[in-house]
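Sequences and hints are given; from them, build the entire structure.
For reference, the chains in residue letters:
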Amino acid sequence: GESVGLHLPTLSVQEGDNSIINCAYSNSASDYFIWYKQESGKGPQFIIDIRSNMDKRQGQRVTVLLNKTVKHLSLQIAATQPGDSAVYFCAEEETSGSRLTFGEGTQLTVNP
Amino acid sequence: NAGVTQTPKFQVLKTGQSMTLQCAQDMNHNSMYWYRQDPGMGLRLIYYSASEGTTDKGEVPNGYNVSRLNKREFSLRLESAAPSQTSVYFCASRWGGQGYEQYFGPGTRLTVT
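Line by line, the protein sequences give chains A and B. Using the numbering used here, the letters of the first sequence correspond one by one to residues 1228 to 1339. Using the numbering used here, the letters of the second sequence correspond one by one to residues 1073 to 1185.
Wrong hints could be hidden among the right ones.
Simulated restraints, written as ranges between beta carbons of each label pair [claimed, not checked]:
1. A:A1306 - B:E1151: 43 to 51 Å
2. B:G1088 - A:T1322: 27 to 35 Å
3. A:H1299 - B:Q1089: 38 to 46 Å
4. A:D1282 - B:P1080: 41 to 49 Å
5. A:P1339 - B:G1171: 32 to 40 Å
6. B:M1091 - A:H1299: 35 to 43 Å
7. A:S1267 - B:V1132: 34 to 42 Å
8. B:P1155 - A:F1273: 30 to 38 Å
9. A:N1294 - B:A1074: 34 to 42 Å
10. B:A1074 - A:G1268: 12 to 20 Å
11. B:S1139 - A:T1322: 25 to 33 Å
Chain A regions said to be covered by chain B (calculated; three or more residues, Cβ under 8 Å) [said to hold, decoys possible]:
12. 1270-1281
13. 1329-1339
What the hints contain is simulated information worked out from the structure, not anything from laboratory work. Values in this document were obtained by computation on a predicted structure and should not be read as measured data. We put the CB at the ideal spot given by N, CA and C, even for glycine.
Pasting the structure below:
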C-alpha cells in the first residue's frame, strides 16, 4: 500500500547547527503534508504544514520543502537547540482523504 | 482550553480483561481519531470519527471498538485485551477534514500481561 517513510532514523547535531530531516512519500495523490514533533512521554505537537501547490513554507526557525517530482519532503531547523531534541514525524493526506498517514519518525539529538 | 484530554494515563490489564479509554476535546472540533504507537514506530490509525454520529475503521481496527458519544467525546474500547495491544494510545482531533492539523492528547500507556 501507500506509505510514508524516512531516510534517516537518527540524526545527531551540535547545538547551533542547522538540521535537516528528510521524508519520502509514495502516494502521488497526497497533496497535504505536515510535520510533528514528539518529545519523550508526550503526544505529537504540530510544527508546520504545506500544501502541494507550494514548494516551500517557513515558520519560526523551521522551513519545510516539498519536491513533488521525486516525492520528497524535508524539514529544516535553523540554529538547532537542545530543546529541539525529539522524534520528528512527517505525515501526508490525499485531497479526498479524511485521515493522515504517518511515517516512522526520526530521532533528533542535539549535543551541547 | 485544556485541548485534548485522555484518561487514564497508565493502565495495566490482564489478558482477556476489558477497558475503555476516554478522550475529550474542548476545541469544538468535528473530527476525532484514535492511534496506537508501538516502541520506535510511527502512529497507526485505529478508528476515526469524521463528524458526530459517524465512525470508520482505520489501519488497525481489529480488537477495538469506538463510540462517538457526542461532539466532545470519543472513546476506545478493548473488549478482550491481548498482549499485542500493549502500546501507547493517542487521541487526536481537528476542526475539519483534509488540510487541517490534528491536535493530540498526552496518551495512555497500556500494558497487557
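Quick rundown of the hints versus the structure:
| no. | hint | in the structure |
| --- | --- | --- |
| 1 | A:A1306 - B:E1151: 43 to 51 Å | 50 Å, holds |
| 2 | B:G1088 - A:T1322: 27 to 35 Å | 43 Å, violated |
| 3 | A:H1299 - B:Q1089: 38 to 46 Å | 45 Å, holds |
| 4 | A:D1282 - B:P1080: 41 to 49 Å | 44 Å, holds |
| 5 | A:P1339 - B:G1171: 32 to 40 Å | 38 Å, holds |
| 6 | B:M1091 - A:H1299: 35 to 43 Å | 41 Å, holds |
| 7 | A:S1267 - B:V1132: 34 to 42 Å | 23 Å, violated |
| 8 | B:P1155 - A:F1273: 30 to 38 Å | 33 Å, holds |
| 9 | A:N1294 - B:A1074: 34 to 42 Å | 39 Å, holds |
| 10 | B:A1074 - A:G1268: 12 to 20 Å | 18 Å, holds |
| 11 | B:S1139 - A:T1322: 25 to 33 Å | 29 Å, holds |
| 12 | 1270-1281 | holds (count 6) |
| 13 | 1329-1339 | holds (count 4) |
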